[in-house]
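Novice: Here are the chains, one letter per residue:
Number of protein chains: 2
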Amino acid sequence: MIDVCLLGTGGMMPLPNRWLTSLMLRYDGGSILVDCGEGTQIAMKEKGWSPKPIDLLLITHFHADHISGLPGLLLTMGNAERTEPLTIAGPKGLSRVVGALRVVAPELPFDIQCYEFSENEQTLQYGDLRIKCYRVHHNVICYGYSFELDRAGRFSAERAKELDIPLKFWNRLQKGEQIQHEGRLLTPDMVLGPPRKGIKVTYCTDTRPTDLIVKNAMESDLFICEGMYGEEDKLEKAKEHRHMTMYEAAQLAVDAKVSKLWLTHYSPSLVKPEPFMKKVRKIFAESYPGKDGMSEELRFIDE
Amino acid sequence: MIDVCLLGTGGMMPLPNRWLTSLMLRYDGGSILVDCGEGTQIAMKEKGWSPKPIDLLLITHFHADHISGLPGLLLTMGNAERTEPLTIAGPKGLSRVVGALRVVAPELPFDIQCYEFSENEQTLQYGDLRIKCYRVHHNVICYGYSFELDRAGRFSAERAKELDIPLKFWNRLQKGEQIQHEGRLLTPDMVLGPPRKGIKVTYCTDTRPTDLIVKNAMESDLFICEGMYGEEDKLEKAKEHRHMTMYEAAQLAVDAKVSKLWLTHYSPSLVKPEPFMKKVRKIFAESYPGKDGMSEELRFIDE
Numbered sequence: 001m002i003d004v005c006l007l008g009t010g011g012m013m014p015l016p017n018r019w020l021t022s023l024m025l026r027y028d029g030g031s032i033l034v035d036c037g038e039g040t041q042i043a044m045k046e047k048g049w050s051p052k053p054i055d056l057l058l059i060t061h062f063h064a065d066h067i068s069g070l071p072g073l074l075l076t077m078g079n080a081e082r083t084e085p086l087t088i089a090g091p092k093g094l095s096r097v098v099g100a101l102r103v104v105a106p107e108l109p110f111d112i113q114c115y116e117f118s119e120n121e122q123t124l125q126y127g128d129l130r131i132k133c134y135r136v137h138h139n140v141i142c143y144g145y146s147f148e149l150d151r152a153g154r155f156s157a158e159r160a161k162e163l164d165i166p167l168k169f170w171n172r173l174q175k176g177e178q179i180q181h182e183g184r185l186l187t188p189d190m191v192l193g194p195p196r197k198g199i200k201v202t203y204c205t206d207t208r209p210t211d212l213i214v215k216n217a218m219e220s221d222l223f224i225c226e227g228m229y230g231e232e233d234k235l236e237k238a239k240e241h242r243h244m245t246m247y248e249a250a251q252l253a254v255d256a257k258v259s260k261l262w263l264t265h266y267s268p269s270l271v272k273p274e275p276f277m278k279k280v281r282k283i284f285a286e287s288y289p290g291k292d293g294m295s296e297e298l299r300f301i302d303e
Numbered sequence: 001m002i003d004v005c006l007l008g009t010g011g012m013m014p015l016p017n018r019w020l021t022s023l024m025l026r027y028d029g030g031s032i033l034v035d036c037g038e039g040t041q042i043a044m045k046e047k048g049w050s051p052k053p054i055d056l057l058l059i060t061h062f063h064a065d066h067i068s069g070l071p072g073l074l075l076t077m078g079n080a081e082r083t084e085p086l087t088i089a090g091p092k093g094l095s096r097v098v099g100a101l102r103v104v105a106p107e108l109p110f111d112i113q114c115y116e117f118s119e120n121e122q123t124l125q126y127g128d129l130r131i132k133c134y135r136v137h138h139n140v141i142c143y144g145y146s147f148e149l150d151r152a153g154r155f156s157a158e159r160a161k162e163l164d165i166p167l168k169f170w171n172r173l174q175k176g177e178q179i180q181h182e183g184r185l186l187t188p189d190m191v192l193g194p195p196r197k198g199i200k201v202t203y204c205t206d207t208r209p210t211d212l213i214v215k216n217a218m219e220s221d222l223f224i225c226e227g228m229y230g231e232e233d234k235l236e237k238a239k240e241h242r243h244m245t246m247y248e249a250a251q252l253a254v255d256a257k258v259s260k261l262w263l264t265h266y267s268p269s270l271v272k273p274e275p276f277m278k279k280v281r282k283i284f285a286e287s288y289p290g291k292d293g294m295s296e297e298l299r300f301i302d303e
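Protein chains in written order, with our numbering: chain A, 1 to 303; chain B, 1 to 303.
I should point out that these hints are in silico values taken from the structure, not numbers from a laboratory.
Remember, predicted model here, so these are calculated numbers, not experimental data.
Watch out, some of these pointers could steer you wrong.
For identical chains, the list gives no copy identity; a pair is met inside one copy or between any two copies.
What the hints assert, rightly or not - No farther apart than 27 angstroms at their CA atoms in a straight line, the calculated lysine-lysine pairs in the DSS-like style are these:
#1 Lys92 <-> Lys168
#2 Lys279 <-> Lys132
#3 Lys291 <-> Lys45
#4 Lys52 <-> Lys92
#5 Lys175 <-> Lys161
#6 Lys234 <-> Lys45
#7 Lys272 <-> Lys47
#8 Lys278 <-> Lys168
#9 Lys45 <-> Lys237
#10 Lys215 <-> Lys92
#11 Lys272 <-> Lys234
#12 Lys45 <-> Lys272
#13 Lys197 <-> Lys272
The whole structure should be built from the sequences, with the hints applied where relevant.
Specialist: Structure (structure tokens):
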């Protein structure tokens with residue numbers, strides 16, 4: 001299970017009742033945060049999710065609305081007596097930016113490791129969770145993230161019995177281990193059916209639509225994408241500032257064959273996303289306007 | 001008239017429904033902001049006060065809860081198309097801290113001038129407003145601020161007539177000008193009574209009580225002071241972290257003969273200040289628990 005929460009849905013500047021866009025994922029006892037603008041730690045507290053177990057902070061890019069809440073978050077994690085190291089990953093220049101912002105948070109009870117991407121596509125591993133990091137198209141270097149959890153095939157007790165595999169090895173084989181036993185190599189594929197559908201979440205904001213987004217978002221269960229503008233006459237503005245309209249996000253959702261789309265990163269000029277949803281849903285029916293604190297537990301299909 | 005607003009009342013970290021401590025003053029068409037923690041720009045928007053006319057930003061000290069909202073505020077002021085320069089004043093090291101935080105706000109349509117204090121007591125002038133800046137006692141260099149507006153004596157038409165001063169000079173003399181006329185030097189004291197009571201506001205937070213606070217807060221109309229803890233057993237903690245209890249703030253109010261005290265900078269552990277107010281008021285009757293967005297128009301007595 002992956003627990004996801006869209007902590008905020010605003011772009012550019014935080015507003016009363018609209019936190020800046022940021023995503024939090026809870027998986028296997030730890031947490032991942034994507035972006036940390038001004039107020040993100042308050043949004044987290046409002047949701048009731050703790051900043052303490054955040055092991056990994058992914059930054060899309062270095063515009064203030066995506067990172068200026070970092071020093072406050074780090075201090076709050078420190079006040080919660082976190083001592084385990086924190087990894088921060090993001091575009092080239094990350095160490096310099098984190099170092100500069102820490103001028104007001106110089107002393108922390110935990111270490112910070114910065115990891116800078118050097119390629120257009122890179123993969124990080126967070127336990128069993130695979131994180132695909134891919135370059136998007138904004139006016140500064142910016143990355144999108146896809147979170148993938150594989151699911152092994154179903155275990156066949158019948159097949160294990162047929163192959164005379166002792167009961168004590170079943171669990172280990174089910175977990176993917178290979179076992180040497182009495183001159184025989186026992187492998188998971190001997191007792192597991194074909195891989196089943198896993199879980200996939202994709203997050204991308206501050207970008208024009210690109211093929212790399214479609215590729216990486218392919219068949220996501222949940223696609224969280226910026227829809228900065230709803231007014232049709234804002235397309236030119238979107239192009240100029242390297243953002244996208246809600247309709248472009250919906251088209252990406254279609255192209256990437258995702259199950260569901262949550263829009264986010266609304267322009268401060270956009271009071272409410274709802275008036276535009278009817279038209280957005282004509283392009284992609286399973287479109288939803290993101291709301292601050294909106295969350296979902298993503299589970300394996302028959303779990 | 002000085003319009004003051006306590007934008008937030010929290011210390012250490014921003015909380016849902018409690019912005020970080022910060023004060024905004026509007027005077028003569030411009031604005032002054034004291035401290036800018038994470039979320040201060042949102043608190044300002046919630047109050048309906050604009051960040052655009054802020055000409056002067058005073059920083060008490062460089063702990064994140066007092067300055068981490070700076071990059072976001074600067075960008076929002078830039079987005080509001082401010083082009084007039086902004087002065088930021090604060091303790092030694094200010095330029096370095098502002099420079100570092102601007103890593104995420106490098107391009108602005110206005111200039112920033114940093115002014116670093118070198119003395120324990122210094123005076124800034126903001127139009128007619130005199131700002132006394134004085135060192136307080138925290139675990140890093142920290143300053144308190146007093147805002148003073150003088151008021152000239154009452155103009156005496158009778159006296160002006162007695163002295164044969166032409167009507168056309170009355171207004172200029174009233175405004176404090178000296179005038180050379182037909183071999184005679186006309187001075188304001190010829191037509192003005194003794195100076196009348198002006199307006200004084202004092203703001204001090206993140207400090208132990210000190211004599212310099214009493215001296216600078218003397219006879220303030222409004223004294224805004226930290227009261228981080230209300231529980232009596234927190235006195236030791238207050239001493240250790242160089243903060244003060246509400247009772248110590250009330251005693252400062254007594255010693256400085258102020259008219260009114262607003263408490264602020266509550267510890268995140270303090271849910272509500274009200275339960276402690278009865279005891280605080282036994283020390284100083286005109287004590288009030290600060291609230292986010294609490295404001296007052298301070299006027300000359302019979303204005």
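Novice: For Lys52 and Lys92, with the copy left unspecified, which applies at a CA distance of at most 27 angstroms: within, between, both, or neither?
Specialist: within (26 angstroms within a copy, 33 angstroms between copies)
Novice: Given identical chains, is Lys272 near Lys234, meaning Cα to Cα at most 27 angstroms, within a copy, between copies, both, or neither?
Specialist: Answer is within: at 15 angstroms inside a copy they meet the 27 angstroms cutoff, but 46 angstroms across does not.
Novice: First find the shortest C-alpha distance between Lys45 and Lys237 inside one copy, then the shortest across copies, and answer within, between, both or neither for a cut-off of 27 angstroms.
Specialist: For Lys45 and Lys237, only the inter-copy Cα distance (25 angstroms) is at most 27 angstroms; the intra-copy one is 34 angstroms.
Novice: Can you give me the call for Lys215 and Lys92, within, between, both or neither, at a CA distance of at most 27 angstroms?
Specialist: Result: close within a single copy only, 23 angstroms intra versus 51 angstroms inter.
Novice: Using 27 angstroms as the alpha-carbon threshold, which applies to Lys272 and Lys47: within, between, both, or neither?
Specialist: Both: 21 angstroms inside a copy, 21 angstroms across copies.
Novice: If the cut is 27 angstroms between Cα atoms, do Lys279 and Lys132 qualify within a copy, between copies, both or neither?
Specialist: The answer is neither: 31 angstroms in one copy and 58 angstroms across copies each exceed 27 angstroms.
Novice: Please work out whether the CA atoms of Lys234 and Lys45 approach to 27 angstroms or closer within one copy, between two copies, in both situations, or in neither?
Specialist: For Lys234 and Lys45, the Cα distance is within 27 angstroms only across copies (25 angstroms; inside one copy 34 angstroms).
Novice: Have a look at Lys278 and Lys168 and pick one of within, between, both or neither, based on CA distance no larger than 27 angstroms.
Specialist: neither (56 angstroms within a copy, 69 angstroms between copies)
Novice: Given identical chains, is Lys197 near Lys272, meaning Cα to Cα at most 27 angstroms, within a copy, between copies, both, or neither?
Specialist: neither (35 angstroms within a copy, 50 angstroms between copies)
Novice: Please work out whether the CA atoms of Lys92 and Lys168 approach to 27 angstroms or closer within one copy, between two copies, in both situations, or in neither?
Specialist: This pair counts as neither: shortest intra-copy Cα distance 48 angstroms, inter-copy 68 angstroms.
Novice: Measure nothing new, just compare the shortest in-copy and cross-copy C-alpha distances for Lys45 and Lys272 to 27 angstroms and report within, between, both or neither.
Specialist: both (24 angstroms within a copy, 18 angstroms between copies)
Novice: Within, between, both or neither: how does the pair Lys291, Lys45 come out at a Cα-Cα threshold of 27 angstroms?
Specialist: Classified as both; 16 angstroms inside a copy, 20 angstroms across copies.
This entry does not satisfy hints 1, 2, 8 and 13, going by the numbered hints stated previously.
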